[in-house]
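There are 2 protein chains.
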Amino acid sequence: MQPKRNTWQREAVRATLAEAHGFVSAQQLHQSLRDGGSTIGLATVYRNLAGLVETGEADSLQSPEGENLFRSCATQGHHHHLICRSCGDTRELSATVVEEWTQRVGAEHGFSEIEHVVDLFGLCARCRAARSA
Amino acid sequence: MQPKRNTWQREAVRATLAEAHGFVSAQQLHQSLRDGGSTIGLATVYRNLAGLVETGEADSLQSPEGENLFRSCATQGHHHHLICRSCGDTRELSATVVEEWTQRVGAEHGFSEIEHVVDLFGLCARCRAARSA
DNA sequence: CGTTATAGTGATAGCCGTTCTCATTTAGAA
DNA sequence: TTCTAAATGAGAACGGCTATCACTATAACG
Ligand SMILES: [Mn+2]
Ligand SMILES: [Mn+2]
Ligand SMILES: [Zn+2]
Ligand SMILES: [Zn+2]
Chain A
1 MQPKRNTWQR EAVRATLAEA HGFVSAQQLH QSLRDGGSTI GLATVYRNLA
51 GLVETGEADS LQSPEGENLF RSCATQGHHH HLICRSCGDT RELSATVVEE
101 WTQRVGAEHG FSEIEHVVDL FGLCARCRAA RSA
Chain B
134 MQPKRNTWQR EAVRATLAEA HGFVSAQQLH QSLRDGGSTI GLATVYRNLA
184 GLVETGEADS LQSPEGENLF RSCATQGHHH HLICRSCGDT RELSATVVEE
234 WTQRVGAEHG FSEIEHVVDL FGLCARCRAA RSA
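Order-wise, the sequence lines are chains A and B. Heads up, the first sequence is in my numbering, so the first residue is 1 and it goes up one at a time. Heads up, the second sequence is in my numbering, so the first residue is 134 and it goes up one at a time.
Everything labelled a hint here was simulated from the structure, so no lab data went into it. Mixed in with the good hints there might be a few duds.
[Said to hold, decoys possible] Partner residues are not named here, just some residues of chain A that face chain B (Cβ under 7 Å, in silico):
{"id": "1", "residue": "A43"}
{"id": "2", "residue": "L82"}
{"id": "3", "residue": "D89"}
{"id": "4", "residue": "L120"}
{"id": "5", "residue": "R128"}
A quick note: this is a predicted structure, and the numbers were derived from the prediction, not measured. Beta carbons: idealized from backbone N, C-alpha and C, even for Gly.
Work out the full structure: start from the sequences and follow the hints.
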């Protein structure tokens, strides 16, 4: 395995991702960085986000619209998310019942190498209040 | 609500979708139609697929690669899928435990209007056998 | 230290799935 | 049959993302 060099770009992506409240897109992150005066390129943001996902430092998921979103999660291992589709506020979830269900269903149908992505999108209490105001 | 006209294009999409074994993309469906001698346009395929999804005649989901896939499902109401990522073979699933978990987690965090998409991708027994052969 | 090999960067072109535009066609009511 | 607007389809446009490649700068090495 080739050594990973430490660049200020990667550190900037890491830091800005950590500051974000919820899941953000690569483009949003890039814009935040540029707004903060950085000259980082968009391709570099994509590359470093992919790298952070690979090492497990960041999580990624598809939005319902098909865009890839990223987050620096507190939980280390496999977990799920409850995400406010309005403000992006995110709660990390563990779901033993879902894991078990996945395994059982896969076995029942003779499937292996089951991949499951279970992320919930909803409207948080704060955003619901703001909407009805 | 404006009346829906019956076109041979819509019927062709419906029929070809019904013939497909598993989930297919709009482009795949378009290609199948053209291969069968149809002169239907790609935009029309997209439009009619969207229409069929709206009326519940077809299901749609995102592949892990982000492409939208469509299927004419036997089950009418809300359900989930177990899909072979190699041959596309699809099993329809009901998942009471997942529904309950979704509701409970949403309530616990004060979220409403929870949207959950739970589709499992795996490798079916037949494809697993073929791979090791 | 300075030198150097090369991983990393970034402007930009390209890719691919999807949607939009708009002139033309056609379903279906009258 | 006539008529109107829903539907179509070729192609342009869009948006997210990846590939390209000349250039930069990290960090190993002397
Ligand atoms: Mn899980
Ligand atoms: Mn469900
Ligand atoms: Zn919110
Ligand atoms: Zn299979």
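Tested hints:
{"no.": "1", "hint": "A43", "verdict": "violated, 19 Å"}
{"no.": "2", "hint": "L82", "verdict": "holds, 6 Å"}
{"no.": "3", "hint": "D89", "verdict": "violated, 9 Å"}
{"no.": "4", "hint": "L120", "verdict": "holds, 5 Å"}
{"no.": "5", "hint": "R128", "verdict": "holds, 6 Å"}
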